[in-house]
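Model the placement of chain B on the given structure of chain A, informed by the hints.
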Amino acid sequence: MEGDFETQTERQLAMIWADVLKLDKVGREQDFFGLGGDSMLATKVVLEARRIWNIDFTVRVLIDSPVLADLADRIDLRVGQGARDPSQEV
Amino acid sequence: MASKSTGLTVSHPLPSLWGGPADPPCLLEVLAMTAAARRGEVAIRDEDRELTYGELTAWTGRIAALLVDRGIGSGDRVAITGSRSAAIVAAMLATVHIGATYVPLDVGYPVRRLEYMTRDSGAKVLLFAGSEPAFATDVESLRIPPPPEVSTTDRSDLATPRQSCQASLPIYIIYTSGSTGVPKGVALPHRCIDNMAEWQRSHSVRPDLRTAQFTPLNFDVWFQEVLGTLCGGGTLVIMPEPLRRDPIALLDWLADNRIERLFLPYVALNMLTTAAAAADSLDGLALREVNLGGEQLVCTPAVRDFFRRLRGCRLNIHYGQSESAMVTAHTLSGSPENWPTLPPIGSPLPGCEVIVEPVDQGESAVGELLVAGLPLSAGYLNLPDLNTARYVSVDRTRHGHDRVFRTGDLVRLEDDVIHYVGRADNEVKIRGVRVNPLEVDACLLEQPGVTEAVCVPIEIEEGSRQLRAAVTVDGGEGALDSVRAMAALTELLPSQSVPISITVLPEIPHTPSGKADRKAVAQTLADMHLRGHGRPVA
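Heads up: the protein sequence lines correspond to chains A and B, in order. So the first sequence is residues 1 to 90, counted in the working numbering. So the second sequence is residues 1001 to 1538, counted in the working numbering.
Just chain A, same shape as in the assembly (with noise of 0.2 Å):
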């Protein structure tokens, strides 16, 4: 996908937000639910993410963290902590 995007874990939630909110183009700054996401919506991203990158996260981060450059950095915080150390929380 086009865009702006700063890493690789942001163009690939990107494609994901795309697919599951049925729209062309999504950028780096923009709210999931801003962008007509419901809680539906958001449970098939959190699971897409949770298969792709072997996180445990649940629907709440999304609705915590709904832009998608912050959802992304999550999402890397997570994997390189579950690189050093699995049981840590985020």
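Note that these hints are calculated values from the structure, not bench results. If you're wondering where the values come from, they're calculated on a predicted model, not measured in any experiment. Don't be surprised by glycine CBs; every beta carbon is placed ideally from N, CA and C. There's no promise every hint is true.
Computed spacing ranges between beta-carbons, pair by pair [unchecked claim]: (1) B:Val1111 x A:Asp64: 57 to 65 Å; (2) A:Ala18 x B:Ala1136: 39 to 47 Å; (3) B:Ala1278 x A:Gly34: 23 to 31 Å; (4) A:Phe33 x B:Ala1037: 45 to 53 Å; (5) A:Lys22 x B:Ala1136: 27 to 35 Å; (6) A:Ala18 x B:Gly1130: 48 to 56 Å; (7) B:Val1359 x A:Asp4: 50 to 58 Å; (8) B:Pro1340 x A:Phe33: 31 to 39 Å; (9) A:Lys25 x B:Val1111: 36 to 44 Å.
Here are some chain A residues pointing at chain B (derived, C-beta under 8 Å) [to be verified]: (10) Val46; (11) Ser65; (12) Val67; (13) Leu77; (14) Arg78; (15) Gln81.
Here is chain B on its own, set in the frame of chain A:
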């Protein structure tokens, strides 16, 4: 068929189903007997406390004494506000115990709506749990007192005052979305709720199931969870609020709390089964029964898969509305592969008669569902015209009923069960909650510059229905302050009624008869979403 001269009477014979006779006991007497028999067993649990039936009885008695001390008695209305909790349950029980009527005020609702509901209900006192209410009222507000210390040897019971058990005495008043821009309140009497509680107690796989309290305070299913469980001697476990939007965390919570019975709207079941499909194992779940209400069930592959993996868990479909609580039910058991994709809403509860008033004479089994018998409530508060239109007289049926409630639901009667077809009006379900888009239209029209407004449901995909609004504005697109308009709606409407976007159109399409063409508006807004336009207001 409705007689056009009055528009209000219905003649027989029409297709109907009868649930058989019923003589339900007063739920307060059932509660008292259950509490006496299970004094030491856990009745209710929330994040703050766990109470036995003995402790809950003592707490109810303390709150009842406080109300009586303030001069509250039979027929008075008691508004109660807070977040879902054991305290709200105890305060509701205390209110009903003294013959007063409970008015739930969910703190999640907009302040102006809560103020309206308090005023319209004629509440004499406001009880609250947690922090002081953020809304203004003319009535005294009192904090719900904490549960008293009870010694395990204390055998005192709470005797039920006889005057609290009259069949016509209202137990609660709840509000639903109206078409005029303000919510409408309806009062539900003992005969209706006693019948619902007795039916729930005797029709679950066990009367004393460990049950999640999932439903928000302001909805009728809340009473089914609470009264159905406590009358049956089960344990009610109050779910933490954030889990309502988080099916992934909810699955863990259901397992950790060994929940056996769950009441869900369809959208929540859809979310839960979607989350479950990604889980390696469901072995931790203790679910025996899922009760689905609020909206037509669609047996998706994820729903079938969920119940196949939860061997032995039944799926019940419950149908009713705020005006009548429970009306019909249907149980799906056996192999989920054999469940119909669109299961029926079932057959009437004991004491309930349902009548189908055909919309088209050529097809007598399809029409508006009319409800008679025990579920019939006393009507809307302070809305005589609406009562005249919706609570109508009929020729006496074979089972002795001459008054019915017009549900506005279109149904088909086939093989002695009722199938849901659709709505006779514009009402929609958003996240399982009734929303009248005309109420949203009315609120939008109050915003500066708005000349026409149409709010419609859009489905981005199955199970994800959301409201979006289109308006025309004096002076064109730039003339609408959408952020301000959205903020104004948030002050007036509960969250499920607030559209996620307001789009200014050059004009609203109209049908040949001159009415707004709601389908065309929905199509326009859906197309704009796909093209990335009409982005919601942040």
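Problem - Non-conforming hints, listed in increasing numerical order - result: Those not satisfied are hints 1, 5, 6, 11, 12, 13, 14, 15.
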